Amino acid sequence: MTTPAVQVENLRKTYGERVAVDDVSLAVADGEIFGVLGPNGAGKTTTVESVAGLRTPDAGRVRVHGVDPLADRDATTRLVGVQLQDSALQPKLTVREALELWTSFYADPLPWDGLVERLGLAGHLGQRFGRLSGGQQQRLAIALALVGRPRVLLLDELSTGLDPQARRDVWGLVREMRDAGATVLLVTHAMEEARHLCDRIAIIDAGRVQAMGTPDALIQAASAATMTSFEPSGPIDLTVLAGLGGVASVRADGDRVLVEGGEDAVLTVLAHLAARGVTPRRLRVLDGSLDAAYLDVVQRKEMA
Amino acid sequence: MSITTSARRSPAWAVLRTEFRLFAREPGSLFWILLFPTLLLAILAAVPPFREPDPGLGGQRVLDLYVPVSVLLAMLMAAVMAMPPVLAGYRERGILRRLRTTPVHPGSLLLAQVGLHAAAVLVSAALVLAVGVMLLGVPAPGHWPGYLVALVSALAAAFAVGALITAVAGNTRVGQTVGSIVFFPMMFTAGVWFPVQGMPGLLRDVVVATPMGAASEALNDALVGSFPDLADLAVTWGWTAVLVVASVRLFRWG
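Protein chains in written order, with our numbering: chain A, 25 to 328; chain B, 94 to 347.
Because the hints were derived from the structure by calculation, they are not lab data. None of the values given here were measured: they were computed from a predicted structure. Incorrect hints may appear among the rest.
Stated by the list, open to error - Pair by pair, the computed Cβ-Cβ distance ranges are:
1. S273/B x Y39/A: 30 to 40 Å
2. R97/A x G318/B: 49 to 59 Å
3. V267/B x S273/A: 45 to 55 Å
4. W106/B x G138/A: 17 to 27 Å
5. F320/B x R97/A: 37 to 47 Å
6. A302/B x N34/A: 51 to 61 Å
7. V338/B x R97/A: 38 to 48 Å
8. L241/B x S157/A: 43 to 53 Å
9. D137/A x P238/B: 47 to 57 Å
10. S157/A x E119/B: 22 to 32 Å
Glycine included, C-beta positions come from ideal geometry on N, C-alpha and C.
Turn these sequences into a full structure, and let the hints guide you.
What follows is the structure, encoded as structure tokens:
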């Protein structure tokens with residue numbers, strides 16, 4: 025077995041009384057795009073910052089391509105490209121100056137003109153950081169994370185403040201970096217982002233990994249893996265429907281009935297309707313959303 | 094193609110060059126550090142009694158005493174007023190933290206800022222001396238090596254005070270506030286309102302125990318023509334050592 029690009033074992037970090045990360049373990053394979061999801065204060069950022077070597081864990085072990093990010097700063101900073109959640113630049117520094125400065129830090133930097141073009145910053149090279157919009161600042165932060173051709177990309181809240189088009193562009197760039205051999209560890213709130221971009225996801229809550237797997241596997245494992253909707257040809261009792269095996273929830277939306285449930289719920293519902301001579305008109309069966317899977321994991325934990 | 098722009102330069106050099114550009118974009122700092130001290134000297138030269146030798150000052154003129162005072166003022170403007178808010182802002186904005194994730198140590202940013210502000214002080218000091226000696230008839234330093242030693246000692250003490258303010262200030266605003274609070278008593282001890290050499294006995298004994306008071310004595314000794322009193326140099330370096338150790342202990346990168 026090859027060594028993972030990022031390895032976190034039993035990470036624990038407290039700030040005074042507050043436990044930010046209780047016990048997190050994860051391994052990101054070389055060339056993988058790995059997403060970390062979770063509610064605010066779950067410990068996502070602390071985990072990623074520990075990988076970047078910005079936090080000193082109370083316990084546990086972190087390795088980036090076998091390197092200890094705390095002990096060997098030189099090797100680590102050459103391996104990783106980082107986009108932090110709240111970091112700004114000097115207000116009077118122009119976009120061009122920032123890119124030139126960052127370019128000078130690395131042995132084999134990406135030509136930044138291409139990056140700037142892709143990120144829609146080409147028209148803002150002479151603009152000062154303090155005068156950029158939030159989205160432009162974010163795009164510059166992403167450019168600076170990529171410019172050193174990192175083998176491991178650490179991205180915290182990648183698409184905050186980006187419009188849908190810019191978000192797609194950034195996803196495209198991240199995929200290209202991966203195709204060029206980089207490993208990506210990204211923290212996100214956006215389910216759509218996790219679904220589109222990530223090979224695997226860890227859902228972290230209360231400082232622990234609550235679920236881990238591919239987006240599809242997480243959705244399928246959830247109690248609301250599918251969403252079935254139809255217009256019944258005759259009257260049906262929704263409470264009976266809700267009591268069927270595998271059905272998680274039932275609600276009416278005008279003429280349509282919406283049923284959320286596990287993989288088997290569809291067949292059970294259809295069999296039930298057939299037995300009563302009711303035809304499900306305009307039947308739609310959709311995969312459940314990652315949103316639902318996520319809420320399923322987080323809420324199940326809260327109830328426990 | 095950006096082959097030329099991405100040509101490799103020393104990262105620390107690139108940091109210094111960038112910070113130099115940013116420093117040049119602060120007209121306020123540039124005025125108060127580079128021009129104001131000379132301007133102050135020129136204004137005082139316009140007051141006739143200040144141009145007369147004063148037996149109570151050992152035959153020196155009040156104007157002569159304001160030469161070291163103006164130089165010390167440039168130091169305070171740079172080290173205490175201008176630099177701490179800049180560096181506290183860099184920490185507050187996460188710039189130091191961000192730099193820690195690159196192959197460049199954020200210390201290079203601190204070093205660049207200290208170096209640039211110190212260089213500005215030296216330029217200002219040269220301007221004060223040039224204008225004073227050439228236009229206002231102030232005597233040139235009588236003991237040049239002694240003058241340089243006094244200048245470097247004063248510079249070290251002033252930036253040690255600035256370093257401590259930077260270390261304790263969590264953000265730009267606190268940096269500015271603490272800087273201003275420290276600035277006024279230091280201006281007094283530097284002799285801005287009343288030259289140290291003309292202060293009455295007990296007050297003078299207290300003031301020469303402060304970093305700027307001792308620096309003022311050292312600069313004036315060299316100006317008059319002797320190597321600075323070692324006791325004054327010991328006071329400035331003692332303060333410098335204590336303040337630097339405290340700053341290093343208290344400093345946080347993020």
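Hint check for S273/A and V267/B - Cβ pair distance inside 45 to 55 Å: Cβ of V267/B to Cβ of S273/A: about 52 Å, so the range 45 to 55 Å holds.
How does the Cβ-Cβ distance of A302/B and N34/A compare with 51 to 61 Å: does it lie in that range? Taking Cβ atoms as reference, A302/B and N34/A lie about 55 Å apart, which means the hint holds.
Can you let me know if the beta-carbon spacing of D137/A and P238/B is within 47 to 57 Å? Hint holds: Cβ distance 52 Å, inside 47 to 57 Å.
Distance restraint hint 37 to 47 Å, applied to the beta-carbon atoms of F320/B and R97/A: holds (45 Å)
The hint says 30 to 40 Å between S273/B and Y39/A; measuring C-beta to C-beta, is that right? About 32 Å separates the Cβ atoms of S273/B and Y39/A, which means 30 to 40 Å holds.
Quick one: are R97/A and G318/B within 49 to 59 Å, going by C-beta? holds (51 Å)
State, for the Cβ atoms of L241/B and S157/A, whether the hinted interval 43 to 53 Å holds or is violated. holds (50 Å)
Check the following: the C-beta atoms of W106/B and G138/A are separated by a distance inside 17 to 27 Å. Holds, at about 25 Å.
Taking the beta carbons of V338/B and R97/A, is their distance inside 38 to 48 Å? violated (24 Å)
Pairwise beta carbon distance, S157/A to E119/B, judged against the given window 22 to 32 Å: Distance hint for S157/A, E119/B holds at roughly 24 Å.
When the structure is compared with the earlier hints, a violation turns up for hint 7 alone.
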